[in-house]
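Enquirer: So the protein sequences, as listed, match chains A and B. Residues in the first sequence are numbered consecutively from 1, following the working numbering. Residues in the second sequence are numbered consecutively from 1, following the working numbering.
Keep in mind the hints are simulated off the structure, nothing from the lab. Hints are not guaranteed to be accurate.
Identical chains blur together in the list; that is why a pair holds if it fits in one copy or across any two.
Dumping the calculated DSSO-like pairs for lysine-lysine here, alpha-carbon to alpha-carbon at most 30 Å [claimed, not checked]:
#: 1; residue 1: Lys-182; residue 2: Lys-225
#: 2; residue 1: Lys-236; residue 2: Lys-100
#: 3; residue 1: Lys-9; residue 2: Lys-175
#: 4; residue 1: Lys-371; residue 2: Lys-346
#: 5; residue 1: Lys-339; residue 2: Lys-87
#: 6; residue 1: Lys-11; residue 2: Lys-410
#: 7; residue 1: Lys-284; residue 2: Lys-11
#: 8; residue 1: Lys-140; residue 2: Lys-249
#: 9; residue 1: Lys-171; residue 2: Lys-19
#: 10; residue 1: Lys-182; residue 2: Lys-16
#: 11; residue 1: Lys-96; residue 2: Lys-82
#: 12; residue 1: Lys-178; residue 2: Lys-283
#: 13; residue 1: Lys-353; residue 2: Lys-178
#: 14; residue 1: Lys-371; residue 2: Lys-137
#: 15; residue 1: Lys-182; residue 2: Lys-170
#: 16; residue 1: Lys-353; residue 2: Lys-100
#: 17; residue 1: Lys-9; residue 2: Lys-284
Single-letter residue listing:
2 protein chains.
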Amino acid sequence: MLQSRLFTKTKRESPKGEKSVNAILLQRAGFCYKEMAGVYTYLPLGLRVLRKIERIVREEMENVSGQEILMSVLQPKSLWLKTGRWKEGIGEVMYKCKGKEEIGLGPTHEEMLTDIVRNYIHSFEDLPVYIYQIQTKFRKEPRARSGLIRGREFEMKDLYSFHQSESDFKKYYKKVQKAYFKIFRRCGLKAILTEASGVGFTKGYTHEFQVLSAAGEDTIVYCPKGHFSQNKEVAKFQAGDNCPVCGEKLLQGKAIEVGNIFPLGVKYSQSIGAFFQDRDGKKKPIIMGCYGVGISRLMGAIVEVHHDGKGIIWPGSVSPFDVHLLSLQLSNKMSQREKLEKAAKKVYRILQKQNVDVLYDDRKNKSPGEKFADADLIGIPYRIVVSDRMLRKQSVEIKRRDKKIARFVKIKQLPAFLRKNLRLNKT
Amino acid sequence: MLQSRLFTKTKRESPKGEKSVNAILLQRAGFCYKEMAGVYTYLPLGLRVLRKIERIVREEMENVSGQEILMSVLQPKSLWLKTGRWKEGIGEVMYKCKGKEEIGLGPTHEEMLTDIVRNYIHSFEDLPVYIYQIQTKFRKEPRARSGLIRGREFEMKDLYSFHQSESDFKKYYKKVQKAYFKIFRRCGLKAILTEASGVGFTKGYTHEFQVLSAAGEDTIVYCPKGHFSQNKEVAKFQAGDNCPVCGEKLLQGKAIEVGNIFPLGVKYSQSIGAFFQDRDGKKKPIIMGCYGVGISRLMGAIVEVHHDGKGIIWPGSVSPFDVHLLSLQLSNKMSQREKLEKAAKKVYRILQKQNVDVLYDDRKNKSPGEKFADADLIGIPYRIVVSDRMLRKQSVEIKRRDKKIARFVKIKQLPAFLRKNLRLNKT
Chain A
1 MLQSRLFTKT KRESPKGEKS VNAILLQRAG FCYKEMAGVY TYLPLGLRVL RKIERIVREE
61 MENVSGQEIL MSVLQPKSLW LKTGRWKEGI GEVMYKCKGK EEIGLGPTHE EMLTDIVRNY
121 IHSFEDLPVY IYQIQTKFRK EPRARSGLIR GREFEMKDLY SFHQSESDFK KYYKKVQKAY
181 FKIFRRCGLK AILTEASGVG FTKGYTHEFQ VLSAAGEDTI VYCPKGHFSQ NKEVAKFQAG
241 DNCPVCGEKL LQGKAIEVGN IFPLGVKYSQ SIGAFFQDRD GKKKPIIMGC YGVGISRLMG
301 AIVEVHHDGK GIIWPGSVSP FDVHLLSLQL SNKMSQREKL EKAAKKVYRI LQKQNVDVLY
361 DDRKNKSPGE KFADADLIGI PYRIVVSDRM LRKQSVEIKR RDKKIARFVK IKQLPAFLRK
421 NLRLNKT
Chain B
1 MLQSRLFTKT KRESPKGEKS VNAILLQRAG FCYKEMAGVY TYLPLGLRVL RKIERIVREE
61 MENVSGQEIL MSVLQPKSLW LKTGRWKEGI GEVMYKCKGK EEIGLGPTHE EMLTDIVRNY
121 IHSFEDLPVY IYQIQTKFRK EPRARSGLIR GREFEMKDLY SFHQSESDFK KYYKKVQKAY
181 FKIFRRCGLK AILTEASGVG FTKGYTHEFQ VLSAAGEDTI VYCPKGHFSQ NKEVAKFQAG
241 DNCPVCGEKL LQGKAIEVGN IFPLGVKYSQ SIGAFFQDRD GKKKPIIMGC YGVGISRLMG
301 AIVEVHHDGK GIIWPGSVSP FDVHLLSLQL SNKMSQREKL EKAAKKVYRI LQKQNVDVLY
361 DDRKNKSPGE KFADADLIGI PYRIVVSDRM LRKQSVEIKR RDKKIARFVK IKQLPAFLRK
421 NLRLNKT
């Protein structure tokens, strides 16, 4: 894509009153536009990142046999009255519209999906099924001050599993745990499986996937060797205690919850009436599990973890583009201008031919310094520089956003170099 | 995909009280689940169709240089007060949530996007720009009785264009007209460009894209040769009059509005304050245009146009799968069962290898009659039948949903046949 065509522009100043790093960088670099506290529009660069995260999550959901659907935002009050959550629990943060009938905006979809499944699942032979969606959720968050980390309107992947037995549920729960580690690893994050408080209807713990970050709203007590982690809210240990598994001293840190998984038991199936006929001929409520990933929150968490003083440093897997191509007029010789443009265009075409997703900074009214500053802020991991100084040698400079090392490569050797060295889109 | 894994099931009976053909067929075949009047969940088959329509629309938007973004659903009241639409006009059908601050659910996004663009566009050099999104919209429709044709929650593609001059706008308006014809043609629909009433701030007509259908809520007066069409609401002609272009007798018919395009002039830029500095140094309001396609409505319209007494007949471009593979036990010889299954699996693998998106009806508890009835209802255009009767000849039967002709092809010749004869995914 030509950067001159991109309608957004970077901003030098931080948005007023904004303290969250991800909110500042994503707005300054033109990924997001803040409509209200906790409500963001995804601009062209931001939407590209969101789509890449969605793709990773979708692939891993397919790997655990998830069937994708898309449920509605508008939800009837009647359904929520059945589970007693219209006013209590999550119902407290539900946006509601009055009218002839009262309607809620889905803060989560257990009620709705259990009601749908009730219409299709009747026998043990129909089970198990795994159903997910990637969808926009709404919650009246009183403190939406952390950019994409805590939204009032946010994108979430929610997977629900339906089983005939507790043991079948447990097997799948473990499988999704693994899939979740893979999702976060592919997004460039190291997630820590953390025990958290069970909601009323679950015995024992539920699990959160926490990413250490000063921007986190949670605190976890964890083993540095990865054997153990508990959310401070329920922790029986504290920093300095010995890890109950390996004996290592436990640490404490702020963390961002990027995902959670928990058993739902039969709470929803029983109250909404999702029963199946078991092998023994008896009618039983379906056993359920539920598994969330905050897609837009992930985007915020990635920025919190991967940035420096100059801007964002996207992991390749979720970067809006694979390569940022900069055309730089370093000398004052205006005579070189045309040649430079020709060479840069040539490189742009080579990259496109190699299926490299490239943002080409072709802007003519920007100095090299401005172009570098923008590239640092936007944070595409690979950078290819075409400058008039390198024209004679017909070479380009290849850099990584997070490293100082640069390599010079002849333009005609570029296709071979790209195929060999840049592991693009491979995660 | 294995049909035995699909969690939805077809229904023999029409949903109670439903009269709309698209609503009945989409629910019976398991594409959609009705949550409330005008509010639907997209089940696995339905979501696949929706995504295919989205892809077509997206490709054509890229072809007219559209930059994709994703705006928020939640919209601040303050923005709508600026254009006077919080309570009037479209504001009358806006869902609103009370709280500390009043928030609306976007029924359209002129206000929001003009406000965003205001932050990035300052000079004539920044223009033109074309920005679109594919997003969920909300409108309090008092009569949401036409299935996906009129939703209270629906998916829409809205493109907005920003120009420095009226002439530049007009050129782009023509370009989008062409893109729209291409979108509808690719979706298997014949759209008629129809003059409609200008909204208050537009002089002359706006344009609707109408598809003739008994299910339509609009009535158009049109030339059968395609020279002329007007919405009945503003028509100066009536059925039987001569076409003002070719003299042919005009016809009248019910039609579904699948898209509309209209000039916005400076209504939004002026009230929201989106100005640019022109070549002459003067500050001027940006000239805007707006172009909508009802994505979910398109899905409904396609069903209204492409169905018969047995079910849906999807155009290949938007079908949930390219091919429906049926494995049929026609004889009573149970000894053949294993051989049949083996042959069907082989064909399934061949199809997958050829990148054919295939739904394989591998269900064991369904009779051939039930499988055919389901296939007719679901409406995938190509059907490949593997039956025990054809096992000896190692052949399969290839049929089209809308034609009675069948062809027999040897399994080993199938890859070559597929490459030659099925123009899959080509639209």
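Enquirer: Between copies, within a copy, both or neither: which fits Lys-178 and Lys-283 at Cα up to 30 Å?
Expert: For Lys-178 and Lys-283, neither the intra-copy (32 Å) nor the inter-copy (58 Å) Cα distance is at most 30 Å.
Enquirer: With 30 Å as the alpha-carbon cut-off, assign the pair Lys-11 and Lys-410 to within, between, both or neither.
Expert: Answer is neither: 34 Å inside a copy and 64 Å across each miss the 30 Å cutoff.
Enquirer: Is it within a copy, between copies, both, or neither that the alpha carbon of Lys-182 lies no farther than 30 Å from that of Lys-170?
Expert: within (19 Å within a copy, 50 Å between copies)
Enquirer: Within a copy, between copies, both or neither: which one fits Lys-339 and Lys-87 at a CA-CA cutoff of 30 Å?
Expert: So Lys-339 and Lys-87 fail the 30 Å test inside a copy (68 Å) and across (58 Å) alike.
Enquirer: As a check of your reading, is Lys-284 near Lys-11 (CA-CA no more than 30 Å) within one copy, between copies, both or neither?
Expert: So Lys-284 and Lys-11 pass the 30 Å test across copies only (23 Å; inside, 59 Å).
Enquirer: Quick one: Lys-353 to Lys-100, C-alpha cut-off 30 Å, is that within a copy, between copies, both, or neither?
Expert: Neither way: Lys-353 and Lys-100 sit 57 Å apart in one copy and 53 Å across, limit 30 Å.
Enquirer: Is it within a copy, between copies, both, or neither that the alpha carbon of Lys-371 lies no farther than 30 Å from that of Lys-137?
Expert: neither (37 Å within a copy, 38 Å between copies)
Enquirer: Please sort Lys-171 with Lys-19 into within, between, both or neither, judging by C-alpha distance up to 30 Å.
Expert: neither (42 Å within a copy, 44 Å between copies)
Enquirer: First find the shortest C-alpha distance between Lys-353 and Lys-178 inside one copy, then the shortest across copies, and answer within, between, both or neither for a cut-off of 30 Å.
Expert: between (36 Å within a copy, 28 Å between copies)
Enquirer: Go through the copies and call it for Lys-236 and Lys-100: within, between, both or neither, with a Cα cutoff of 30 Å.
Expert: Neither way: Lys-236 and Lys-100 sit 50 Å apart in one copy and 39 Å across, limit 30 Å.
Enquirer: At 30 Å max between alpha carbons, let me know whether Lys-182 reaches Lys-16 within a copy, between copies, both or neither.
Expert: Answer is neither: 37 Å inside a copy and 45 Å across each miss the 30 Å cutoff.
Enquirer: Is the C-alpha distance from Lys-96 to Lys-82 at most 30 Å within one copy, between copies, in both cases, or in neither?
Expert: both (17 Å within a copy, 25 Å between copies)
Hints 2, 5, 6, 8, 9, 10, 12, 14, 16 from the list above are not met by this structure, while the remaining hints are.
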